[in-house]
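**Q** If you want the building blocks of each chain, they are given just below.
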Amino acid sequence: DIQLTQSPSSLYASVRDTVTITCRASQNSVSYLNWYQQKPGKAPKLLIYGATHLQSGVPSRFSASGSGTDFTLTITSLEPEDFATYYCQQSYQTPLTFGGGTRLQIK
Amino acid sequence: EVQLLESGGGLVQPGGSLRLSCVASGFSFRIYAMSWVRQAPGKGLEWVSSINGDDYSTFYADSVRGRFTISRDNSKKTLYLQMNSLRIEDTALYYCAKSAGRVVTTTPPFDSWGQGTLAAVSS
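In order, the protein sequences belong to chains A and B. For what it's worth, the numbering used here labels the leading residue of the first sequence as 1, then goes sequentially. For what it's worth, the numbering used here labels the leading residue of the second sequence as 1, then goes sequentially.
The set of hints was computed from the structure by calculation and includes no laboratory data. Just so you know, these numbers come straight off a predicted model, no measurement behind them. There's no promise every hint is true.
What the hints assert, rightly or not - Computed list of chain B residues with no C-beta within reach of chain A, every gap over 12 Å:
| hint | residue |
| --- | --- |
| 1 | E6 |
| 2 | S25 |
| 3 | Q39 |
| 4 | T78 |
| 5 | E89 |
| 6 | V104 |
| 7 | A120 |
Said to hold, decoys possible - Calculated pairs, DSBU-like style, for lysine-lysine (alpha carbon to alpha carbon, straight line, at most 35 Å):
| hint | chain 1 | residue 1 | chain 2 | residue 2 |
| --- | --- | --- | --- | --- |
| 8 | B | K77 | A | K42 |
| 9 | A | K107 | B | K77 |
| 10 | A | K107 | A | K45 |
| 11 | B | K43 | A | K42 |
| 12 | A | K42 | B | K76 |
| 13 | B | K76 | A | K107 |
| 14 | A | K42 | A | K107 |
| 15 | B | K76 | A | K45 |
| 16 | B | K76 | B | K43 |
| 17 | B | K43 | A | K45 |
| 18 | A | K39 | B | K43 |
| 19 | B | K77 | B | K43 |
| 20 | A | K107 | A | K39 |
| 21 | B | K77 | A | K45 |
| 22 | A | K107 | B | K43 |
Just so you know, even glycine gets a beta-carbon here, dropped at the ideal spot from N, CA and C.
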């Protein structure tokens with residue numbers, strides 16, 4: 001099974017800051033790495049697929065990079081609506097797995 | 001617009017059963033792989049099961065294999081999850097999710113989500 005380790009598990013930042021979340025896979029996941037945003041009481045939302053591709057409708061302040069085992073999600077110039085929990089997830093093989101999540105909170 | 005509407009959750013005793021349903025609309029249901037993902041209260045996301053949209057192959061997390069069965073009825077545009085031998089640790093909000101493709105691997109497996117249905121297992 002591919003284990004995904006996200007860091008940090010929680011993060012404090014201010015509006016207009018730039019933040020980076022990392023996701024490390026225990027095995028090569030090629031580029032089949034996706035990122036989701038979840039707000040309290042809501043279903044997750046796909047932000048990034050295939051490691052670097054922005055899902056339709058997602059603001060361009062979200063970007064991502066990586067391949068193999070190391071991946072990053074960057075949010076440039078945080079907006080108030082970006083404070084949420086972020087999960088990475090690999091779709092290279094079953095069992096599909098998620099990272100433990102990164103809770104982004106307002107400083 | 002893609003819509004996924006889950007139902008069937010509830011309170012059940014350990015060892016009991018529940019059948020979750022997810023009615024889909026706004027896309028060609030029969031083509032796409034579909035999945036169930038759960039989230040225990042205050043916890044992260046956990047993949048439960050998927051069914052492909054081409055050969056209808058099924059996949060399960062180890063934690064549910066042999067107890068849960070995923071299926072689909074394309075004529076009704078409905079995804080199901082039959083959950084038997086339920087355990088306290090199965091308590092969670094169960095989300096139905098649509099894949100971006102016919103298979104659940106390589107393509108983004110969860111590009112649209114329902115709002116979830118809560119299954120609570122307690123004595």
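**Q** Next step is simple, just say for each hint if it's right about the structure.
**A** We went through each hint and held it up to the structure:
| no. | hint | verdict |
| --- | --- | --- |
| 1 | E6 | violated (10 Å) |
| 2 | S25 | holds (16 Å) |
| 3 | Q39 | violated (9 Å) |
| 4 | T78 | holds (18 Å) |
| 5 | E89 | holds (17 Å) |
| 6 | V104 | violated (7 Å) |
| 7 | A120 | holds (17 Å) |
| 8 | B:K77 - A:K42 | holds (23 Å) |
| 9 | A:K107 - B:K77 | violated (45 Å) |
| 10 | A:K107 - A:K45 | holds (23 Å) |
| 11 | B:K43 - A:K42 | holds (14 Å) |
| 12 | A:K42 - B:K76 | holds (26 Å) |
| 13 | B:K76 - A:K107 | violated (48 Å) |
| 14 | A:K42 - A:K107 | holds (22 Å) |
| 15 | B:K76 - A:K45 | holds (25 Å) |
| 16 | B:K76 - B:K43 | holds (32 Å) |
| 17 | B:K43 - A:K45 | holds (17 Å) |
| 18 | A:K39 - B:K43 | holds (13 Å) |
| 19 | B:K77 - B:K43 | holds (30 Å) |
| 20 | A:K107 - A:K39 | holds (17 Å) |
| 21 | B:K77 - A:K45 | holds (22 Å) |
| 22 | A:K107 - B:K43 | holds (22 Å) |
In terms of the numbered hints stated before, the structure departs from hints 1, 3, 6, 9, 13, listed from lowest to highest.
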